[in-house]
Amino acid sequence: MDFRMGEKSDEFAKEVADFLDEHLTEEVVMEAHETGTVHNWGFYKAMADAGYTRAAWPKEFGGQERDPFEMAALSDQLNLRHAPTDGSSVTLMICSTLRHVGTPEQQADIIPRGLNGEILICLGYSEPDSGSDAAAAATRADRDGDEWVINGQKMFTTLAHEADYVFMLTRTNHDVPKHKGLTMFLVPMDAEGIEIQPVHTMGGERTNITFYNDVKVPDALRVGDVDAGWGVMRVALTFERGGSMMGQSVRLVRLVEEWAKENLAPNGRPWIEDPLVRERLARANMLNNAGALLGLRSADLFNRGELPGVEGSMSKLFSSEKFLAICEDLVDMLGPEGVLQHGEDDAPSAGWVEHAMRHAVVTTIYGGTSEIQRGIIAEHGLGLPRTRKSDRARNS
Amino acid sequence: MDFRMGEKSDEFAKEVADFLDEHLTEEVVMEAHETGTVHNWGFYKAMADAGYTRAAWPKEFGGQERDPFEMAALSDQLNLRHAPTDGSSVTLMICSTLRHVGTPEQQADIIPRGLNGEILICLGYSEPDSGSDAAAAATRADRDGDEWVINGQKMFTTLAHEADYVFMLTRTNHDVPKHKGLTMFLVPMDAEGIEIQPVHTMGGERTNITFYNDVKVPDALRVGDVDAGWGVMRVALTFERGGSMMGQSVRLVRLVEEWAKENLAPNGRPWIEDPLVRERLARANMLNNAGALLGLRSADLFNRGELPGVEGSMSKLFSSEKFLAICEDLVDMLGPEGVLQHGEDDAPSAGWVEHAMRHAVVTTIYGGTSEIQRGIIAEHGLGLPRTRKSDRARNS
Amino acid sequence: MDLSLTEDQQTITELFASFFAKECDGEFVREAEPLGHHDELWAKLIEMGMVSMGVPADAGGGGLGLLDLALVAEVYGSSIAPVPFVEAVVAARLLAAVGSSGSELLASVVDGSTATIALRPAVDRSARLVPAAAVADIVIALDGDELVAVSQGASNRPTAVKNLGSGPVANVDLTLSARQVLAVGNEAQQLYATALLEWKALTASALVGLGREALRIGLQYVMERHQFGVPIGSFQSVQHRFADDATALDAAGLLARKAAWSVDEGEPDAVALVSQGFIFASEGAQRTAGDSLHFHGGYGFMLEYDIQLYYRRAKAWSIIWDDPRRELARVADALYGPVGAA
Amino acid sequence: MDLSLTEDQQTITELFASFFAKECDGEFVREAEPLGHHDELWAKLIEMGMVSMGVPADAGGGGLGLLDLALVAEVYGSSIAPVPFVEAVVAARLLAAVGSSGSELLASVVDGSTATIALRPAVDRSARLVPAAAVADIVIALDGDELVAVSQGASNRPTAVKNLGSGPVANVDLTLSARQVLAVGNEAQQLYATALLEWKALTASALVGLGREALRIGLQYVMERHQFGVPIGSFQSVQHRFADDATALDAAGLLARKAAWSVDEGEPDAVALVSQGFIFASEGAQRTAGDSLHFHGGYGFMLEYDIQLYYRRAKAWSIIWDDPRRELARVADALYGPVGAA
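Residue numbers (the numbering used here), protein chains in the order written: chain A, 1 to 396; chain B, 397 to 792; chain C, 793 to 1134; chain D, 1135 to 1476.
No lab work stands behind these hints: they were computed from the structure. Check the hints yourself; a few may be wrong.
The list that follows gives simulated cross-link-like pairs (lysine-lysine, DSS-like), each with its CA atoms no further than 30 angstroms apart [stated by the list, open to error]:
1. B:Lys657 <-> D:Lys1296
2. B:Lys404 <-> B:Lys441
3. C:Lys954 <-> A:Lys261
4. A:Lys261 <-> A:Lys14
5. A:Lys14 <-> A:Lys45
6. C:Lys954 <-> C:Lys814
Same shape as in the complex, but just chain A (with noise of 0.2 angstroms):
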């Protein structure tokens, strides 16, 4: 047992920081946080040329091959900065399910785009009736020869206006059980009949509703077997499962110890002196200690060729709970500072204990509900029997 992250993380840990420092200006930062779209296609590409989107990747795609904690490492910083990655790790993630499902055609033309940063895949899973339930999703796709036609809506195609692919679920079967009537397309963005709808949200962040009126879409794009998207879709999800947010929130409590250090309360004596910030801040740091290692726990089961599911879930759920509890708390902590938003030139941490409390709340949701977490958890970690209708649901 070693909880050293080890030589080859820690010097990765480095080379990568100095690439932010070259790389990750703070024009890229607030562009991203101005717009809501974080995404940035330059630091995209430069990360790319520097290897990193293919950082875990085997030799034969370029890769680095790189561990799981050399991974770790990478996500480290690139959390610490605020880098702007929605727009790549979902790229990353699905060239990753690709290379599991796709035909060699798909292989060969998508996945060197992705990893060269020149492509950016978006997801289109949810729709306006189907988000914990994604097995309900109505959006259909038709043969018609050689060619599907999909007709439908999705919710929260996040960087849709940015993208060249949507990974999409669709139904294929409606004469059977929803799970076993699904299957999955890479939909070009540029194909006629897509509408994208900007939606913006509380956290600041921009997201879609994408709207399907007789796209067509060739058959080679198709991904997996005619309704066997619901598989297809698990595979993708073994890759973002165990997102940890602990990154973003250690983060946030770094940012919150520097303001405290070098900023005076009312009484003239720094803030970190005061024993109800010393007791939040102390508190905070032992919660991301102990998400960070539920992280590196699906990291070390990853090196050892193992698949994190329960754990996987752990993770997400602790580290995205604790992240928003945390943000709230801080909040507090500031009073009436807290209330400033980052532009404020007197913002406490520049505002950014306000915005990651508007954005945390998110973190609960996305990737799996802390609900659906729990279930899982309950369900396949703890032995307990199903309690969701959708028992009922599913095989009525």
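Using the hints, position chains B, C and D against chain A.
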């Protein structure tokens, strides 16, 4: 809108306080604590002689016709002084139930003896396999001419070892949905075939398991119609609901406030000057005030001739959960000294905090668990649809 | 004891409730952002007497007590209307309380001017983060030994800071506008303390109203929203959290009302009760708005859904006063005396 | 990084796990109450080397590190065996660390004597609420400037106080028994601080084990117990709370192990990590035991059910050290330096 308890209540509170000075001796309190039998015949009789057993009863029963706020004052005083009233309050609850659903003979026989502090009645609802799901009771009563023969087992028949009767839920019909085959009896505890097995609890209370083997009960002791026991039990519940634990919590917080004012911290200053002590007591005080108002709201409804339903559930839920939270927090606050039990000379607040914590947990269980209360509030208060699997069980 | 509303109380709360129901929905609130103020709506409310009703009768007002105003504040909080009701009515009452030195300003307030109050003593002649200051004609502040009012014309009102609750919060430089001393020394301190007490009492009630509406919005959503073939409101995890929230809000409502009543009645524990009501209402409103938003799933974050308006204000209305744990320390001061006083 | 156990670690934890599984169930623990000590069981464990294994090899022990001992402490905590494992092993290591002045006592410990350590400096020559003091042969305490050991024969052992966790906790009058100085001054302080750090690290791991077993007991109960025609473990309110508990305990387990490891490795953040591990494990164990007990319904309170044994110890093992919020203040001291030091 007026939040004053009112002159009548204030005067009555004083009268009760004087009564308790005289009759609630240290011995009475300590005997209940040491034996875990939270009943004292002498004190019960004194309560009856002072008319307090019939304080809320009409004149025809020799009652004092006190209003709900006077009754709240009585209850406050008893709680503040830690009076052992578990036995009397159940007995009086059953007397109230009989007044509504008993036969004239039962009313004439039982009620006066209850109000006079001469008999004790305990509850026989729970069974090994039916707790929250009381309607699943399996103890059977079979008719045999003018008698009934009872066979089965009851759990948590607290005070059975002192009681004259057990107010018992039995199954009399096995061919109908479970709620529709139940009948209530007043079973004399001196009947042949009853066995009492003591059960000792973490909170130091004594309760019992009771066994019934061919116990013969005359039909005259049936309460309500045959197979109408569920309805009778619901009448009894209306006299129980809204049982607030805030009074016990108020007592505890006062004890700790006294301790904090009278004892010195290591720094030589009274504990009440310690920020962590102050914050906790301020918070406990706040929760007590809030919870007390939920209880008084029920009194206010009673006073206007309305029955608190959801309001009673809210009071029970809030007061028991907060009582427990306060206890656990105050034990933490005491640190190592918090482990000391009553009887250790130097235990803070005479060890009552430690004792209260061990006791408080059960308040979130008896009289309807917190989960049951939340379900009632959600369904009947908030109009949310039934969620309990009982739907299916009930309809099957 | 009687927890029911008087007929007058019912009439007045229903008046404002039906006004807000007609004039101010989520869309309306959203359109008034980011400033968080709507002049026309505010003018109508002033016209209805929303401010003057809180001024004592002998000063030309409606003479309502703090409890009456708290009941209106609940209704106002439910609507999260973009108007500075709490600040304006508290400031007006303060102007009435200072007597002759405030009579001219009071007259202008009764005439339709808007006053507000700084929640913290000024430092270096500047009052920080004053609610409603960006839209007020008069700002009252404690400036050293003096309780002062500055009259800011439309041209020299400070710009609102960008803030969580989208309220017209601003920093006020007390040297920029005409400055008038209302009271000095001990009297100034006491008047100011009373005004803050009233501000907290009314904001607590507004938070209770806010929380109740956040709950109502959430309940409506979980009944409409189906997943896995059933309304999500049938899931136990949803039901139990909302049951806890509803319970906490009911308790908070009772506590906030009692606190306001205790100020009216001059009860000895009024100061502790007001602080407790404020803290407890803040917690209830925040938790309820948070749960309601969470159960909206992704929709909760869309600016076009109303629940985010409530979530942000639940926190902002609370902390614009202070860190709740610092307020808890003040509860202890009120209950046990300040440290070292014994 | 490697979170898996070494073969040696697996062997030793399995050894004790199977021993406890065979020798010590809930009934056994219950019968050893209220003293909370079982001489025979303890003798067997001493025989197995449970204490000496933690003593450095050059002092005649097994030379295990703190992380190895923490893994054993998890197993011990799961069993809540009525033996003073944590105190004895920490005291033995302390005796080894003081060098020659402790060598005779250390020899007696390796021979089977039981030592313990006072968790707070003595006041007026009296050490308060010392765990295991009622059954120990040797009590080590910081007495003013001196680190001392008193040797108490079976006849002059103090009586245990009645306590929440049913442990052999007692107050020790340092003047009653033969007293020996182990170290003085700065050295005494440092040795004592290290011993307390080790005590906290091992108790944290014991609490993790305790919490895990409380969870296991609870899971078993909710699968067996049926209400409304279904196992109560199928209710979402039960599932979600246990899911949170399991997650917190996993996190606590990792944190406690990392903390022990960081002491072995001399990591600069070891002091903060040990405190954090202790607080977080305490919270996890208490919450889990509380939930498990709650879901037992009325049965949870019956002395004959095991879960109450866990519930009481979860709190008692935590607070016998201190109020967790005071410990959080020490975390801040470790992270940010003590107040006024800058």
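Verification of the hints:
For the suggested pair B:Lys657 and D:Lys1296, the alpha carbons sit about 25 angstroms apart, so the restraint of at most 30 angstroms is met. With a C-alpha separation of about 24 angstroms, the suggested pairing of B:Lys404 with B:Lys441 holds against the 30 angstroms cut-off. Distance check on the hinted pair: C:Lys954 and A:Lys261 sit about 25 angstroms apart at the alpha-carbon level, within 30 angstroms; holds. Only pairs whose Cα atoms come within 30 angstroms are accepted, and A:Lys261 paired with A:Lys14 is accepted, the gap being roughly 25 angstroms.
This hinted pair checks out: A:Lys14 and A:Lys45 have alpha carbons roughly 20 angstroms apart, not beyond 30 angstroms. Taking the CA atoms of C:Lys954 and C:Lys814, the gap is about 29 angstroms. The hint holds against a cut of 30 angstroms.
Checked against the numbered hints listed earlier, the structure breaks none of them; every hint is satisfied.
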